[in-house]
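Colleague: So the chains spell out like this:
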Amino acid sequence: MRDALRRVSLGYLVLAATAVAYIVVYTSRLGRFPTSFDYLSILNTTLPLVFVAIGQSLVVLTGGIDLSVGGMVSVCVAVTATTVSSSITWLFVVLAIGTACGALNGLIVAYGRIAPILTTLATLSIFTGLGLRVLPVPGGSIPQEVRLVLTNPATPTGLIWLGLAVAGWLVLRRTRFGMRVYAIGSDEASARAVGVPAAAVKLKVYALSGLCSALAAVFYVSTTTSGDANAGNPFILTSIASVVVGGVAFSGGRGSALGAVAGAVALTLVIDILFFSGIDPLYQSLFQGLFLVVAVLLGTVAALAARRRRQA
Amino acid sequence: MSSRRVLYALGGTVAVLLVGAILHPGFASWSSLRVMLVVASFTGFVAAGQMLVVLVGGIDLSIPWVLNGAAIVLTTSSLGQTSRAPLAILLALGVGALVGLGNGMGVAWLGVPAVVMTLGMNGVMQGLTLGLSKGLTCASCGSYAPEPLRGLFDGALPAQLFLWAGVGLFMTVLLTLTTFGRRVYAVGVNPRAAFLSGVGVRGVTVALYTLSGVFAALAGIALVAYGGQPSLGLGDPYLFESIAAVVVGGVSILGGRGHYLGVIAGSLTLVAVTTFLQAQRVPEYGRLMIYGLVILAILFAYGREKAHD
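Those protein sequence lines, which keep their order, are chains H and F. My numbering puts the first residue of the first sequence at 691, with every later residue one more than the last. My numbering puts the first residue of the second sequence at 2, with every later residue one more than the last.
Excised from the complex, chain H in its bound form (with noise of 0.2 Å):
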């Protein structure tokens, strides 16, 4: 447990850190602070990357991975951007197919028994696929009334947003869900053992990532105010990123949702760091890449010292 803390807690430093860092070199660089418009769009552009994240966080809990979300957000970019003009009531027809391609994961890695990075593996195709027959080109719109309401350009509303999924996310790790979501990751065989379902929450934990991804795509739309059938890609990595940089463990069952929060606006950060530095654009996946590693040597790190001090 406590190191579970403490591997939470490394996800939160690495945000200040990079909070500190951005501050620092923004002011340098402009000779003023920033004002509340940089951080609004901060934090419009890290919400789609903060859902996925704790939708991947999740079946990194339960010692998985799931590489589909890059194709359903693709999916649900599409079906959003087509569709959301004509009827406010397809949002939630998106948020239902996103939950329907989780669960499909969840069925095959639960009770088909397919190692989770191979099924995603495979559907990710699939999605892709299936959101290029949506939206073949770029394109489609979004209403503004949505749009507003989502991520407003003048005013924070999105923090309310970003507010709900930290509190979903608080009440979830309480229930006898969460404790399972736990329970499977630290040592499924042990799990199953003492009477856990462990192929029903896994589907669970799924079927929630495909939502995460679903809310990701209506959230991404309304910030680009247009589709495109390959926007979910860059996601597949960042959303890993975030993950690891949050301080959640790969083996599984250490770790919070949280830290992938905090891991997902960091790496945004980062990316406004290199462009406030004045670095060129190219070497931007170079310092993103080194940030990757050391955020999480860093960890190693401090684990090993912990372990001294325990010791000594």
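Hints are computed from structural coordinates only; laboratory data are not their basis. Keep in mind the model is a prediction, meaning the values are calculated, not measured. Ideal Cβ placement from N, Cα and C applies to all residues, glycine included. It is possible that part of the hints are untrue.
Covered stretches of chain F, going by a simulated chain H footprint (3 or more residues, C-beta under 8 Å) [unchecked claim]:
{"no.": "1", "segment": "109-116"}
{"no.": "2", "segment": "129-137"}
{"no.": "3", "segment": "244-258"}
{"no.": "4", "segment": "278-287"}
{"no.": "5", "segment": "292-303"}
Example chain F residues on the side facing chain H (calculated, C-beta under 10 Å, incomplete) [claimed, not checked]:
{"no.": "6", "residue": "G121"}
{"no.": "7", "residue": "N123"}
{"no.": "8", "residue": "L176"}
Following the hints, put chain F in place on chain H, whose structure we already have.
Modeller: Showing chain F alone in chain H's frame:
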């Protein structure tokens, strides 16, 4: 057990080719088979490296930009001149080896999870490749691959296929006939037991990641020789393709089981499916969906984990 999976993988390839030949006359003719074999050889190269790290329960996500970087190193250092070709090839392979070594050190000595280490390395290589070549707009970036390399693909029986056969021989000998190969499987089955029986687990791991980097670079060289010039994003399709080929080839994603012969069959199956769908003029979305369904079907056939309880 694992040799049975090789048979399944070969059976899968034959089945796909048969179905293709029935539905699309000429699909399994030698001329079309030759093209498929050449295209499959690129997957075969990256999958060789991916298989080696998967055998010890690892994964290499840095393949795309190691491949792309090596391809650009080859053309920019050779400038298309035959006399510079040998050195350029060595340089490109060296880049791959160096990156692989870095991955291996990170995984084995620093204890960074393979997914994180290789994902980060992919970013580093992407940044370095884009930055140093100024987005492929540098003075020497317009160079072509040297002429002898482009000859790899000429003739009725392209030299590239012999190169792939050589890779197959190397992999098979390495994994089945050497002490090193024994150690690889030992680490894959149970790293702790392997360590306790005196296997240098870290050394083996570093060697495997290094080899994976070399194979990704080799694929980069072959691809740029095939296409003439490198492009950005050249390696992107090969990340998931390499994993799929390894698994369709009957290698256990959990490590410790699998043969390269199966991976050859897996690479060919994937390419045959794609080629068949293209020949049938299936639109891109249909190709993607059917490709995913075929992988799922194969996984259900022989990729399932043991039941619990």
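Colleague: Does each hint fit the structure? Answer for all of them.
Modeller: Taking the hints in turn, this is what the structure says about them:
Under a criterion of three residues with beta carbons nearer than 8 Å to beta carbons of chain H, the stated coverage of the segment 109-116 of chain F is upheld, 5 such residues being counted. Look at the segment 129-137 of chain F against chain H: 5 of its residues bring a Cβ nearer than 8 Å to a Cβ of that chain, three or more, so the hint holds. Coverage of a stretch by a chain is defined here by at least three residues with a beta carbon nearer than 8 Å to that chain's beta carbons; for the segment 244-258 of chain F and chain H the count is 5, and the condition holds. Requiring three or more residues with a Cβ within less than 8 Å of a Cβ of chain H, the coverage given for the segment 278-287 of chain F holds, as 3 such residues are present.
Evaluation of the coverage hint for the segment 292-303 of chain F: fulfilled, as 7 residues show C-beta separations to chain H shorter than 8 Å, against a requirement of three. Taking 10 Å as the C-beta contact cut-off toward chain H, the hint placing G121/F at the interface holds, the least distance being around 4 Å. Look at N123/F: its Cβ gets to within about 7 Å of chain H, closer than 10 Å, so that hint holds up. With its C-beta approaching chain H no nearer than about 22 Å, L176/F sits outside the 10 Å limit, and its interface hint is violated.
This entry does not satisfy hint 8, going by the numbered hints stated previously; all others are met.
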